[in-house]
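Q: Assemble chains B, C and D onto chain A, guided by the hints.
Protein chains: 4
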Amino acid sequence: MAKTVAFLGLGHMGAPMASNLVTAGFTVKGFDPVTELLDAAVESGVEKCLSPRESVDCADFVVSMLPNSAAVECLYIDTDKLLESIARDSLVIDCSTIAANSAKRLTHEAQIKGIHAIEAPVSGGVAGASKGTLSFMCGGDAGDVDRAREVLEPMGSNIFYAGAAGAGQTAKICNNMLLAIQMIGTAEALQMGVDNGLDPNVLSEIMVKSSGANWSLQNYNPYPGVMPEAPASKNYSGGFMVKLMCKDLGLAQEAATHSKSYTPLGSMARNLYGILSLRGGSDLDFSSIQKLFQTVD
Amino acid sequence: MAKTVAFLGLGHMGAPMASNLVTAGFTVKGFDPVTELLDAAVESGVEKCLSPRESVDCADFVVSMLPNSAAVECLYIDTDKLLESIARDSLVIDCSTIAANSAKRLTHEAQIKGIHAIEAPVSGGVAGASKGTLSFMCGGDAGDVDRAREVLEPMGSNIFYAGAAGAGQTAKICNNMLLAIQMIGTAEALQMGVDNGLDPNVLSEIMVKSSGANWSLQNYNPYPGVMPEAPASKNYSGGFMVKLMCKDLGLAQEAATHSKSYTPLGSMARNLYGILSLRGGSDLDFSSIQKLFQTVD
Amino acid sequence: MAKTVAFLGLGHMGAPMASNLVTAGFTVKGFDPVTELLDAAVESGVEKCLSPRESVDCADFVVSMLPNSAAVECLYIDTDKLLESIARDSLVIDCSTIAANSAKRLTHEAQIKGIHAIEAPVSGGVAGASKGTLSFMCGGDAGDVDRAREVLEPMGSNIFYAGAAGAGQTAKICNNMLLAIQMIGTAEALQMGVDNGLDPNVLSEIMVKSSGANWSLQNYNPYPGVMPEAPASKNYSGGFMVKLMCKDLGLAQEAATHSKSYTPLGSMARNLYGILSLRGGSDLDFSSIQKLFQTVD
Amino acid sequence: MAKTVAFLGLGHMGAPMASNLVTAGFTVKGFDPVTELLDAAVESGVEKCLSPRESVDCADFVVSMLPNSAAVECLYIDTDKLLESIARDSLVIDCSTIAANSAKRLTHEAQIKGIHAIEAPVSGGVAGASKGTLSFMCGGDAGDVDRAREVLEPMGSNIFYAGAAGAGQTAKICNNMLLAIQMIGTAEALQMGVDNGLDPNVLSEIMVKSSGANWSLQNYNPYPGVMPEAPASKNYSGGFMVKLMCKDLGLAQEAATHSKSYTPLGSMARNLYGILSLRGGSDLDFSSIQKLFQTVD
Chain A
1 MAKTVAFLGL GHMGAPMASN LVTAGFTVKG FDPVTELLDA AVESGVEKCL
51 SPRESVDCAD FVVSMLPNSA AVECLYIDTD KLLESIARDS LVIDCSTIAA
101 NSAKRLTHEA QIKGIHAIEA PVSGGVAGAS KGTLSFMCGG DAGDVDRARE
151 VLEPMGSNIF YAGAAGAGQT AKICNNMLLA IQMIGTAEAL QMGVDNGLDP
201 NVLSEIMVKS SGANWSLQNY NPYPGVMPEA PASKNYSGGF MVKLMCKDLG
251 LAQEAATHSK SYTPLGSMAR NLYGILSLRG GSDLDFSSIQ KLFQTVD
Chain B
1001 MAKTVAFLGL GHMGAPMASN LVTAGFTVKG FDPVTELLDA AVESGVEKCL
1051 SPRESVDCAD FVVSMLPNSA AVECLYIDTD KLLESIARDS LVIDCSTIAA
1101 NSAKRLTHEA QIKGIHAIEA PVSGGVAGAS KGTLSFMCGG DAGDVDRARE
1151 VLEPMGSNIF YAGAAGAGQT AKICNNMLLA IQMIGTAEAL QMGVDNGLDP
1201 NVLSEIMVKS SGANWSLQNY NPYPGVMPEA PASKNYSGGF MVKLMCKDLG
1251 LAQEAATHSK SYTPLGSMAR NLYGILSLRG GSDLDFSSIQ KLFQTVD
Chain C
2001 MAKTVAFLGL GHMGAPMASN LVTAGFTVKG FDPVTELLDA AVESGVEKCL
2051 SPRESVDCAD FVVSMLPNSA AVECLYIDTD KLLESIARDS LVIDCSTIAA
2101 NSAKRLTHEA QIKGIHAIEA PVSGGVAGAS KGTLSFMCGG DAGDVDRARE
2151 VLEPMGSNIF YAGAAGAGQT AKICNNMLLA IQMIGTAEAL QMGVDNGLDP
2201 NVLSEIMVKS SGANWSLQNY NPYPGVMPEA PASKNYSGGF MVKLMCKDLG
2251 LAQEAATHSK SYTPLGSMAR NLYGILSLRG GSDLDFSSIQ KLFQTVD
Chain D
3001 MAKTVAFLGL GHMGAPMASN LVTAGFTVKG FDPVTELLDA AVESGVEKCL
3051 SPRESVDCAD FVVSMLPNSA AVECLYIDTD KLLESIARDS LVIDCSTIAA
3101 NSAKRLTHEA QIKGIHAIEA PVSGGVAGAS KGTLSFMCGG DAGDVDRARE
3151 VLEPMGSNIF YAGAAGAGQT AKICNNMLLA IQMIGTAEAL QMGVDNGLDP
3201 NVLSEIMVKS SGANWSLQNY NPYPGVMPEA PASKNYSGGF MVKLMCKDLG
3251 LAQEAATHSK SYTPLGSMAR NLYGILSLRG GSDLDFSSIQ KLFQTVD
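Residue numbers (my numbering), protein chains in the order written: chain A, 1 to 297; chain B, 1001 to 1297; chain C, 2001 to 2297; chain D, 3001 to 3297.
Hints listed in this document are in silico derivations from the structure and should not be mistaken for laboratory results.
Note that the structure is a prediction, hence the values are computed from the model and not measured.
Be careful, since some hints might not be right.
The calculated lysine to aspartate or glutamate pairs, modelled on DMTMM-like cross-linking and capped at a C-alpha distance of 25 Å, are [said to hold, decoys possible]:
| # | chain 1 | residue 1 | chain 2 | residue 2 |
| --- | --- | --- | --- | --- |
| 1 | C | K2003 | C | D2078 |
| 2 | B | K1104 | A | D199 |
| 3 | D | K3209 | D | D3195 |
| 4 | A | K209 | B | D1144 |
| 5 | A | K131 | B | E1109 |
| 6 | A | K104 | B | E1205 |
| 7 | A | K209 | B | D1146 |
| 8 | A | K247 | B | D1195 |
| 9 | D | K3081 | B | D1078 |
Taking beta-carbon pairs under 8 Å as the criterion, some of the chain D residues facing chain A (in silico) [as the list claims (entries may be wrong)]:
| # | residue |
| --- | --- |
| 10 | V3042 |
| 11 | I3275 |
| 12 | G3280 |
| 13 | V3296 |
Output of the computed footprint for chain D on chain C, the stretches with three or more beta carbons under 8 Å from beta carbons of chain D [unchecked claim]:
| # | segment |
| --- | --- |
| 14 | 2093-2101 |
| 15 | 2177-2189 |
| 16 | 2202-2215 |
| 17 | 2245-2257 |
| 18 | 2263-2272 |
C-beta: ideal position from N, C-alpha, C; glycine also.
Okay, chain A solo, but in the shape it has when bound (with noise of 0.2 Å):
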């Protein structure tokens, strides 16, 4: 008999993650307060829940996707008090990219009532989730990420165990902050290199095969027209939001002030892309930090 998966939060991320789920044939009851979320994850064969509660009821696995670390405690413990209602033998995987220190407390108050929690931080952003090709960085018991691999292998094409409770958060947070800081610093390379004459596809095909190479000019050149896949090909729309990266670049400016870390360039990183949030540029892409480097029209 199919296995049941309790998915909660079916936005941009979850919806898709859901669905792939649904294909590789568990029964998975859904949950969104967004009622047309809700409705659209129907179509593609979630069954509908109207409430948390009744998604976890008998779920052998227990999926969230939710936007930021108030939502997850709220959901699981502070407000809608969830883990009261899940059984002993699920399994509580939260995919949402909180902060570490709210990732081992649920964990932990999962633990005090006998029930198994993991985090599972993704990368790869809507892309990834609809393709199933997301990478996930676990944290947790070693046993429970290993329970965990049968539902997250239909999602994505990753599954890193990274440690005990919090480093599955830790380790996204890391690579999402070199990922910024690669990105403003190819960003910074090619508008120098073209305001000095040089042609960006010339000066991007060089740094690739050097030692400039990096992830974001590989897949996903900032300068409109090298790539005509890549969002700053199209004017910046798709792709991973700035207000996303600004909310990871927090997390990660959290972490290195609690842990007392320096981070210049991580520092500089959050602060460039928050400013180019304040002027407008909140729901594009991430590579148009670009345009920070170059004229208005």
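A: Leaving out everything else, chains B, C and D in the frame of chain A:
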């Protein structure tokens, strides 16, 4: 009959480059004002010349590998006036990393005398010079760059054509600025991860397979112990020295100021490497920026 | 009859503050968990109490000067639950520098118990505490702040009312973030001048009379030898320690992250002071940031 | 008999400066290549000359106020070769803000021809030029600077002697770099305060009386409405334009690169002002950096 190459500047980079030309069958007539360097080159088959003038006599190609703009301008134009002694059918290939404006000046002054000259600054370090796997970022007349291939190929594995005179230098500093930003960003991310309880090996493995991937993470991990062969695991000895990165980042900032380009992370990279160099890191490999984020013992 | 002040926390700052209250005629009942500090305070006229609870008994005012948010919340609310022992007609004045949210929580929890509480973080350092010339940046009910003046005036020369609960802490970290930025900027400008041949005395004199004037330049020159009485001329001993500035800059970045404010220079200030603290500068006066820009001997 | 001053460059700054010399009783023979500017100066009593050469004929002093290094070097040395027309007993006073190396070159070339020349870059803006309250930061021979006082005093209220040729320019850019850092820091602190609920008037008043005090906070508050007479309260019109601050910060970074000085906040200041200028702020007063930290309407 073997073609003749005059090779000027036989230091850490120049010596193995000249040696690779000897191996490839060129007659290499070398000069360096430091007698020890010149004598060492002779042992690898370079013919000893007592002056730059002697080395360029009847040379098909003149290759130079000098420390900075001033050295190049003094040699060819202002002091030694070597352009006056070079035959019109010679091709000058300057491999030094210098200001784009100096490179343009050399090409221009050569042109006035009917001599063809290109710039071909390299990336790949001493290791690349020894193995003959350097990347050359060429600027100048496209035909001249093609003609240079016969000499460049024995020394390198990538020959890029960046554009007109100066473009090779610009591409080089754009690339190296981006490299510096990525090395610092990688060091920041690894340290923040470790400070929050992650294993640097695990975090490195996650990021190199995720959107944080970059050349440094893949080939040159700055955290001690992650890559046994990297400079980080050898007390940051060998590799590309901090003081050379400082030089390149200074050239990048000069270019950015001149073209009114804005490079906040590139500017910060120069300052952070500078602070490291002031505090005893000048001769260490550039991955030692990791130390800036760690407690001194 | 003399009014009674309970004084909690008799460290570098608290001890001279309590002493000034004794001099002003208050009966001061002190407590500190470190016996040596408590005994030292007794010598200046403070009455020794063996617990926080003993000290607040029958006190007209309760003044606390503690190292961080956690210490304040533990003392009054979570661990020692001191609010339960404070009389309703007492006024609590917390002089610690803590997160605005912690200050709001203290005021709120006190209110629930019918106790009036304000925050009054200080600026002016150990010297200001000794001379009774501190500045207090008060937050809370305006009437309560007025009532506190009788206790604050013997300890300080400026009593600012910043606004409702939390506003005093916010004003304090805004001020200290700006102070840090200016100290670093002053050190950068002086070093760049000296590196280009200027006399630091002459340059300081010019800037202090020009648009570069700031409090640090006027009272606290970071270049050794310019002001014989400044910490810079005494091997950076005394004054306001780097580790305390790091703490304040961490609070500032937490506030900025929380309010989605962008402070590129404030962020960089935290990172630069952090790098200095990692490299042996933790206990030096904060003007020692000058050393970061100079060659290590 | 009235002494004669040749005045070259009658723009926003030069025109009121020349006018003050007329008022002080000098015969002022002016030149500017822009006819409108020249005609406007004539109305305030300047004698119209049709070439630089005509203006310097028989002049006791030659004062120039030009936009950049290239303009100064072209006028005196490379193109107009004005040094060839200046009498040996004239004193050249260049008030332009230019690279220290250009200032040294002018002094040196003048010396070769037996002419005395000093640099005297100013601070104080158009307002200071009009009121005759500029600060002059002089570099050159001390005796020459003393001789210049008779001309400088009617135009300014502070005449600083910074040292040998180039020192005046260095002092100027050190001061202006610090000014920029402080203006940005002030804007960051005010915005963070406001975002956390403080009144900008109250916060300004607290900081100006505390350790955050600086010239900008005292005379030139960047938050709209705090000072009715400041540019911030007049849509950032008037004052010292962003593009001019960008120029000075570029000179500062060139000097820092040349002297291997490290100025992280100074570098960031250039980048932040540059980003503001790219986004439409070029002609606004430099206190408009406040806008970079606020949501665009």
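Q: All the hints need checking, so say for each whether the structure fits it.
A: Hint check results:
For a cut-off of 25 Å, the pair hint linking K2003(C) to D2078(C) is broken: about 28 Å separates their Cα positions. For the hint pairing K1104(B) with D199(A), the CA-to-CA distance comes to about 18 Å; that is within 25 Å, so the pair holds. In summary, the hint linking K3209(D) to D3195(D) is supported, as the alpha carbons are separated by about 22 Å, within the 25 Å threshold. Between the alpha carbons of K209(A) and D1144(B) the distance comes to roughly 23 Å, so the proposed pair stays at or under 25 Å and holds.
For the hint pairing K131(A) with E1109(B), the CA-to-CA distance comes to about 57 Å; that exceeds 25 Å, so the pair is violated. Taking the CA atoms of K104(A) and E1205(B), the gap is about 23 Å. The hint holds against a cut of 25 Å. Restraint check: the Cα-Cα separation between K209(A) and D1146(B) comes to about 20 Å, which is no more than 25 Å; the hinted pair holds. Pair hint K247(A) plus D1195(B) holds up; C-alpha atoms about 21 Å apart against a cutoff of 25 Å.
Between K3081(D) and D1078(B) the CA atoms are separated by roughly 23 Å; this keeps the pair inside 25 Å, and the hint holds. Interface restraint check: V3042(D) against chain A, minimum CB-CB distance 38 Å, threshold 8 Å, status violated. A cut of 8 Å between beta carbons decides the hint on I3275(D): the least distance to chain A is about 6 Å, and the hint holds. Satisfaction of the interface hint for G3280(D) is found here, the shortest Cβ-Cβ separation to chain A being roughly 6 Å, below the 8 Å cut-off.
Annotation: V3296(D) was flagged as interfacial toward chain A, and the flag holds, the nearest CB pair being 5 Å apart, inside 8 Å. Here the segment 2093-2101 of chain C counts 1 residues with a CB under 8 Å from a CB of chain D, which misses the bar of 3, and the coverage is violated. Counting residues of the segment 2177-2189 of chain C whose beta carbon lies closer than 8 Å to any beta carbon of chain D gives 10, which meets the minimum of three for the stated coverage. Coverage of the segment 2202-2215 of chain C by chain D holds [criterion: at least 3 residues with CB-CB distance below 8 Å; count 12].
Using a Cβ-Cβ cut-off of 8 Å, 3 residues of the segment 2245-2257 of chain C lie near chain D, which meets the minimum of three, so the contact claim holds. Residues of the segment 2263-2272 of chain C with a Cβ under 8 Å from some Cβ of chain D number 7, which satisfies the need for three, so the listed coverage holds.
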